[in-house]
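**Q** With these hints in hand, go ahead and build the complete structure from the sequences.
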Amino acid sequence: MKDRIINIVETYGKDPGRLMDILLKVQAEFGCVSHEAITIIAAALHMSEVDVMQTRSFYHFFTCRPVGKYAVYLNNSVVSMLMGMGDVQDEFEKLSGVKVGEKTADGLISLHHTACIGMNDQEPAALINGVVFTELNRDKVRALVADMKAGKAAQDMVTTYGDGNNANPLMKTMVKNNIRKAGAVVLAEYCMGKGIAKALSMDARGVINEVKESNLRGRGGAGFPTGMKWDFCSREAGDHYVLCNADEGEPGTFKDRVLLTERAGMLFEGMTIGGYAIGAKEGVLYLRNEYTYMKAYLESVLSDMRSKNFLGNNILGKGFNFDIRIQMGAGAYVCGEESALIESSEGKRGEPRNRPPFPVQKGYKNKPTIVNNVETFCSSVRIIENGGAWYGALGTSESAGTKLLSISGDCKLPGVYEIEWGMSIKEMLEMVGAENVQAVQVAGPSGICLPPSQFDRKIALEDLPTGGSMIVIGKNRDLLKDVVLNFMEFFADESCGSCVTCRSFNMILRNSIEKIVSGHGIRKDVEDMAAWSEILRKTTRCGLGQTSSNPISTTIKNFREVYDARVKNVDYQSDFDMQASVMASCEVVGRSSKVHE
Amino acid sequence: MSETVKFTIDGKECQGTKGQLLVDAAADNGVYIPVLCHMRDLIPAGSCRICTVKINGRNMAACTTPVEEGMAIENNSDELTDIRKAIVEMLFVEGNHFCPACEKSGNCDLQALGYKYQMMVPRFPYAFERRDMDATSPKIFLERNRCIFCKRCVRVIKDNEGRSIFAFKGRGTTLQINIDKTLAATMSDELAQKAMDICPVGCILKKEVGFIDPIGQRKYDKKVIGSDIENNHQ
Ligand SMILES: Cc1cc2nc3c(=O)[nH]c(=O)nc-3n(C[C@H](O)[C@H](O)[C@H](O)COP(=O)(O)O)c2cc1C
Ligand code: SF4
Ligand code: SF4
Ligand code: SF4
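Top line first, the protein sequences correspond to chains F and U. Residues 1 to 597 (the numbering used here) make up the first sequence, in order. Residues 598 to 831 (the numbering used here) make up the second sequence, in order.
Calculated directly from the structure, the hints in this document are not laboratory data. Be aware that a few hints might be false.
Claimed, not checked - Here are the simulated SDA-like cross-link-like pairs (lysine to any residue), alpha carbons at most 20 Å apart as the crow flies:
| # | chain 1 | residue 1 | chain 2 | residue 2 |
| --- | --- | --- | --- | --- |
| 1 | U | 766 | F | 43 |
| 2 | F | 568 | U | 760 |
| 3 | F | 538 | U | 766 |
| 4 | F | 348 | U | 767 |
| 5 | F | 362 | U | 639 |
| 6 | U | 766 | F | 62 |
| 7 | F | 365 | U | 640 |
| 8 | F | 515 | U | 625 |
| 9 | U | 682 | F | 527 |
| 10 | U | 651 | F | 365 |
| 11 | U | 778 | F | 36 |
| 12 | F | 348 | U | 640 |
| 13 | F | 14 | U | 782 |
| 14 | F | 524 | U | 720 |
| 15 | F | 365 | U | 752 |
| 16 | F | 538 | U | 675 |
| 17 | F | 538 | U | 725 |
| 18 | U | 778 | F | 44 |
| 19 | U | 778 | F | 64 |
| 20 | U | 651 | F | 356 |
| 21 | F | 538 | U | 653 |
| 22 | F | 524 | U | 722 |
| 23 | F | 14 | U | 652 |
| 24 | F | 367 | U | 640 |
| 25 | F | 515 | U | 724 |
| 26 | U | 651 | F | 543 |
| 27 | U | 651 | F | 393 |
Stated by the list, open to error - DEER-style ranges, computed between Cβ atoms:
| # | chain 1 | residue 1 | chain 2 | residue 2 | range |
| --- | --- | --- | --- | --- | --- |
| 28 | F | 13 | U | 725 | 43 to 53 Å |
| 29 | U | 693 | F | 1 | 33 to 43 Å |
| 30 | U | 727 | F | 591 | 43 to 53 Å |
| 31 | F | 164 | U | 782 | 55 to 65 Å |
What the hints assert, rightly or not - Taking beta-carbon pairs under 10 Å as the criterion, some of the chain U residues facing chain F (in silico):
| # | residue |
| --- | --- |
| 32 | 634 |
| 33 | 638 |
| 34 | 661 |
| 35 | 662 |
| 36 | 688 |
| 37 | 718 |
| 38 | 722 |
| 39 | 757 |
| 40 | 765 |
Ideal placement from N, C-alpha and C gives every residue a C-beta, glycine not left out.
**A** Shown next, in the form of structure tokens:
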């Protein structure tokens with residue numbers, strides 16, 4: 001073991017900055033990163049063990065004890081649960097004889113929960129040894145467990161492949177694209193190389209100006225003007241870097257999955273154009289661990305582009321050098337936050353940084369860096385090809401262009417839709433075949449829970465901004481239990497823990513909502529939750545904490561009646577239950593605590 | 598090089614150098630902004646959030662924000678006081694603090710802030726989380742029940758090759774302060790003392806000595822936390 005680990009550390013040039021890759025490799029080969037392994041890695045990197053441990057313990061796909069020969073990660077996010085994950089989990093537990101969080105005695109199967117894996121349009125879904133299994137049901141679980149007992153490799157359990165590049169020999173996944181509507185920009189016909197060629201025929205300033213003119217704003221959710229970001233970064237001195245955010249962790253989004261599958265070339269072109277604009281030589285694609293199944297395919301696209309001289313040295317003979325590496329994540333939603341993504345790419349815990357300095361000033365390796373979403377880079381290619389004015393004419397006055405929506409939940413046609421900004425929620429619901437809708441969760445858990453009375457509002461940065469996650473919640477669902485509680489569990493699990501407020505409030509709020517769901521809540525609890533959400537929003541370092549109380553605050557605002565129906569209309573009620581508290585001792589001594597009985 | 602900038606805190610005219618962190622600039626002008634994780638000249642952690650102020654209408658952490666010309670800062674308002682009190686209460690319910698038995702009592706910044714904000718009963722439910730203490734290193738105890746995750750030890754205490762002796766482990770609610778057993782064994786008495794001194798609470802304690810300061814002579818026995826900053830500049 002020792003020699004092999006030292007060998008791994010050496011493959012990454014004994015560079016502590018590549019600690020993520022080292023840990024990923026060790027986890028894959030040994031089924032865990034044991035304490036022994038940490039000691040060896042620390043010595044080889046000349047770091048302290050606690051520093052290796054702090055990275056190891058941050059990501060949930062790193063484990064300290066060996067996972068099963070088949071590590072089954074069940075997606076327990078909202079839509080998966082709505083689509084029947086409960087049954088799937090039950091079947092896995094019955095057949096394996098162990099519960100989630102445990103491993104069979106023979107070490108064959110371990111069951112785990114995991115947050116949204118980017119398959120909301122084909123739930124319930126799970127990862128088995130990194131291989132994606134979608135649209136699961138009890139029958140399929142029986143077949144899978146039989147295969148495991150027969151010793152089949154996880155990849156060989158996949159018998160049918162999805163459409164498009166999902167069936168590529170390097171991908172061979174059952175994931176479907178579910179592209180329901182292609183628009184004029186990212187999902188329109190695409191031919192590799194046109195964008196790069198045009199960009200390189202312009203000067204860097206010209207590229208930035210074109211992007212500025214398009215009014216493109218970031219597609220990762222925050223909507224920052226892309227041209228301005230590139231401009232700021234280009235004005236800083238020293239080496240520059242391009243980072244692409246393919247962490248796609250917001251529950252309910254999966255549109256980047258489709259772009260990575262069908263428009264990988266376009267994405268890499270966009271990163272190269274961005275690199276040219278700001279003066280970078282190196283780009284990093286930060287890919288979420290759940291999308292490991294795409295890695296070999298994406299690498300092949302990169303080598304294809306190198307062989308065509310779209311990447312590498314002296315690109316298209318224009319004297320510009322640029323290349324891209326892929327950095328895998330290891331399971332942490334907060335790594336989608338741009339500065340956490342940078343920390344993680346440097347091999348560290350995914351803790352968001354304090355600002356200033358901003359990434360455009362000091363980003364990856366403390367050098368000026370642009371971080372952009374997959375869709376943003378793809379859009380920039382079309383902007384260069386067709387001009388900023390062409391792009392700016394699409395959409396609304398403040399939200400130019402098109403937007404990919406990932407729509408899932410209670411609707412007939414879940415999938416990816418490229419729409420022009422400005423569509424109303426009502427139109428969207430008609431488009432996806434949704435009826436009897438109780439609410440639409442716009443922009444994922446960190447967004448807002450929208451009631452039918454507001455379905456006339458428009459999907460646009462100036463009205464309902466979204467990174468793309470749209471979850472339709474039917475009238476038959478228990479909004480507080482099925483949705484709000486699940487979201488708060490998610491945030492409590494995913495807070496990096498740096499800020500006192502985010503670390504504690506998310507747990508406290510989760511407990512409060514659970515209290516209400518279990519029927520013990522009072523009116524005061526609802527009022528407290530509203531007030532505490534407000535404090536949390538004002539006192540955190542990053543966007544996670546600023547928005548993590550939204551599931552509660554937006555439902556209290558828009559669905560107050562759901563709370564009122566569930567809580568006692570009183571200001572005070574003791575949380576202490578005498579009878580329950582002394583039950584255990586009563587059992588031991590064989591006496592009742594009820595003195596007057 | 599250093600450029601002077603003017604700004605106001607609760608209407609009071611102040612001066613500082615451009616780029617200076619707001620907490621430090623405020624202190625230089627006799628204005629106390631409470632802190633738990635911040636220490637002058639250290640890279641800011643921005644984690645305890647108790648220094649939250651309002652700048653031009655936006656809530657910001659004063660320990661991570663450089664002062665700029667013309668900033669209008671709100672520091673003492675009912676809203677901010679309530680936020681700060683809430684943070685103190687939150688730290689008390691998150692960890693397990695039994696002040697009367699704690700060696701840091703009287704010298705503890707958290708306790709002192711509890712007094713300053715007149716915390717009676719925390720508004721939040723206690724977590725009663727189990728946190729194991731660590732007494733394996735020869736020079737110090739790690740009494741994790743009292744850790745507030747300020748990262749001071751993580752940022753300051755290194756071995757002579759610059760390697761970390763303290764680091765975080767886990768994330769979110771499983772967050773823990775972790776100590777490197779091998780490197781902790783090499784700590785000198787001075788370094789152990791320094792670790793105890795910079796810890797704002799009673800989490801890092803030096804072994805073999807205890808309760809050295811008699812009651813009455815402890816840091817906050819006779820004065821409110823922050824009063825030295827406020828009095829220095831009258
Ligand atoms: C907790 C958190 C998670 C985020 N996750 C993502 C993500 O998965 N993908 C993404 O593109 N942006 C995400 N963002 C936004 C990024 O911080 C950043 O704004 C974005 O990558 C910038 O790219 P853009 O301007 O092209 O949108 C997240 C932000 C926060 C606060
Ligand atoms: S807000 Fe939450 S996730 Fe963001 S830095 Fe603070 S603790 Fe970490
Ligand atoms: S650390 Fe401070 S607040 Fe905690 S028990 Fe000790 S004196 Fe009290
Ligand atoms: S041990 Fe003390 S100094 Fe270190 S993080 Fe905890 S409270 Fe801060």
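**Q** Taking the hints in turn, state whether each one holds.
**A** Evaluated hints:
Distance restraint check for residue 766 (chain U) and residue 43 (chain F): the Cα-Cα separation of roughly 19 Å lies within the 20 Å cut-off, and the hinted pair is therefore satisfied. As the CA atoms of residue 568 (chain F) and residue 760 (chain U) are separated by approximately 55 Å, the hinted pair breaks the 20 Å bound. A threshold of 20 Å between alpha carbons decides the hint, and for residue 538 (chain F) with residue 766 (chain U) the separation of about 26 Å lies outside it, so the pair is violated. In summary, the hint linking residue 348 (chain F) to residue 767 (chain U) is supported, as the alpha carbons are separated by about 12 Å, within the 20 Å threshold.
The straight-line distance between the Cα atoms of residue 362 (chain F) and residue 639 (chain U) is roughly 18 Å, inside the 20 Å bound, and the hint therefore holds. Our distance criterion of 20 Å between C-alpha atoms is met by residue 766 (chain U) and residue 62 (chain F), whose separation comes to about 13 Å. For the suggested pair residue 365 (chain F) and residue 640 (chain U), the alpha carbons sit about 17 Å apart, so the restraint of at most 20 Å is met. Taken as a hint, the residue 515 (chain F) and residue 625 (chain U) pair is broken in the structure, with Cα atoms around 47 Å apart against an allowance of 20 Å.
Simply put, residue 682 (chain U) and residue 527 (chain F) have alpha-carbon atoms about 18 Å apart, close enough for the 20 Å limit, and the pair holds. Restraint check for residue 651 (chain U) and residue 365 (chain F): not satisfied, since their Cα atoms lie roughly 31 Å apart, outside the 20 Å limit. This hinted pair checks out: residue 778 (chain U) and residue 36 (chain F) have alpha carbons roughly 14 Å apart, not beyond 20 Å. Distance check on the hinted pair: residue 348 (chain F) and residue 640 (chain U) sit about 17 Å apart at the alpha-carbon level, within 20 Å; holds.
Restraint check: the Cα-Cα separation between residue 14 (chain F) and residue 782 (chain U) comes to about 26 Å, which exceeds 20 Å; the hinted pair is violated. About 12 Å separates the Cα atoms of residue 524 (chain F) and residue 720 (chain U), which keeps this hinted pair within 20 Å; it holds. Restraint check for residue 365 (chain F) and residue 752 (chain U): the C-alpha separation of about 19 Å stays at or below 20 Å, so the hint holds. Restraint check for residue 538 (chain F) and residue 675 (chain U): satisfied, since their Cα atoms lie roughly 14 Å apart, inside the 20 Å limit.
A threshold of 20 Å between alpha carbons decides the hint, and for residue 538 (chain F) with residue 725 (chain U) the separation of about 26 Å lies outside it, so the pair is violated. Under the criterion of a C-alpha separation no larger than 20 Å, the hint pairing residue 778 (chain U) with residue 44 (chain F) is consistent with the structure, at around 18 Å. Pair hint residue 778 (chain U) plus residue 64 (chain F) holds up; C-alpha atoms about 18 Å apart against a cutoff of 20 Å. Of the pairs offered as hints, the one joining residue 651 (chain U) and residue 356 (chain F) holds, with about 17 Å between alpha carbons and a cut-off of 20 Å not exceeded.
The straight-line distance between the Cα atoms of residue 538 (chain F) and residue 653 (chain U) is roughly 14 Å, inside the 20 Å bound, and the hint therefore holds. Restraint check for residue 524 (chain F) and residue 722 (chain U): satisfied, since their Cα atoms lie roughly 13 Å apart, inside the 20 Å limit. For the given pair, residue 14 (chain F) sits about 45 Å from residue 652 (chain U) by alpha-carbon distance, which is inconsistent with the 20 Å threshold. At most 20 Å may separate the alpha-carbon atoms for a hinted pair to count; residue 367 (chain F) and residue 640 (chain U) meet this at roughly 18 Å.
The straight-line distance between the Cα atoms of residue 515 (chain F) and residue 724 (chain U) is roughly 14 Å, inside the 20 Å bound, and the hint therefore holds. Taken as a hint, the residue 651 (chain U) and residue 543 (chain F) pair is honoured in the structure, with Cα atoms around 18 Å apart against an allowance of 20 Å. Between residue 651 (chain U) and residue 393 (chain F) the alpha-carbon distance is near 39 Å, which puts this suggested pair outside the 20 Å criterion. One distance hint, 43 to 53 Å for the beta-carbon pair residue 13 (chain F) and residue 725 (chain U), holds here, with the actual separation near 47 Å.
A hinted range of 33 to 43 Å holds for the C-beta pair residue 693 (chain U) and residue 1 (chain F), which are about 39 Å apart. Here the CB-CB span from residue 727 (chain U) to residue 591 (chain F) is close to 30 Å, at odds with the stated 43 to 53 Å. Between residue 164 (chain F) and residue 782 (chain U) the CB atoms are about 58 Å apart, so this pair conforms to the stated range of 55 to 65 Å. Restraint check, residue 634 (chain U) versus chain F: the minimum CB separation of about 9 Å is within 10 Å; hint holds.
The closest approach between the C-beta of residue 638 (chain U) and any C-beta of chain F is roughly 16 Å, which is over the 10 Å cut-off, so the hint fails. A cut of 10 Å between beta carbons decides the hint on residue 661 (chain U): the least distance to chain F is about 4 Å, and the hint holds. Here the hint on residue 662 (chain U) is kept, as its CB sits about 8 Å from the closest CB of chain F, short of 10 Å. For the restraint placing residue 688 (chain U) at the interface with chain F, the shortest Cβ-Cβ distance is roughly 6 Å, inside the 10 Å limit, so the hint holds.
Taking 10 Å as the C-beta contact cut-off toward chain F, the hint placing residue 718 (chain U) at the interface is violated, the least distance being around 13 Å. Given hint, residue 722 (chain U) at the interface with chain F, holds; its Cβ is 7 Å from that chain's nearest Cβ, closer than 10 Å. Among the interface hints, the one on residue 757 (chain U) is violated; its C-beta lies about 12 Å from the nearest C-beta in chain F, farther than the 10 Å criterion. With a least beta-carbon distance of about 5 Å to chain F, the hint placing residue 765 (chain U) at the interface is held under the 10 Å criterion.
When held up to the earlier numbered hints, the structure conflicts with 2, 3, 8, 10, 13, 17, 23, 27, 30, 33, 37, 39 and fits the remainder.
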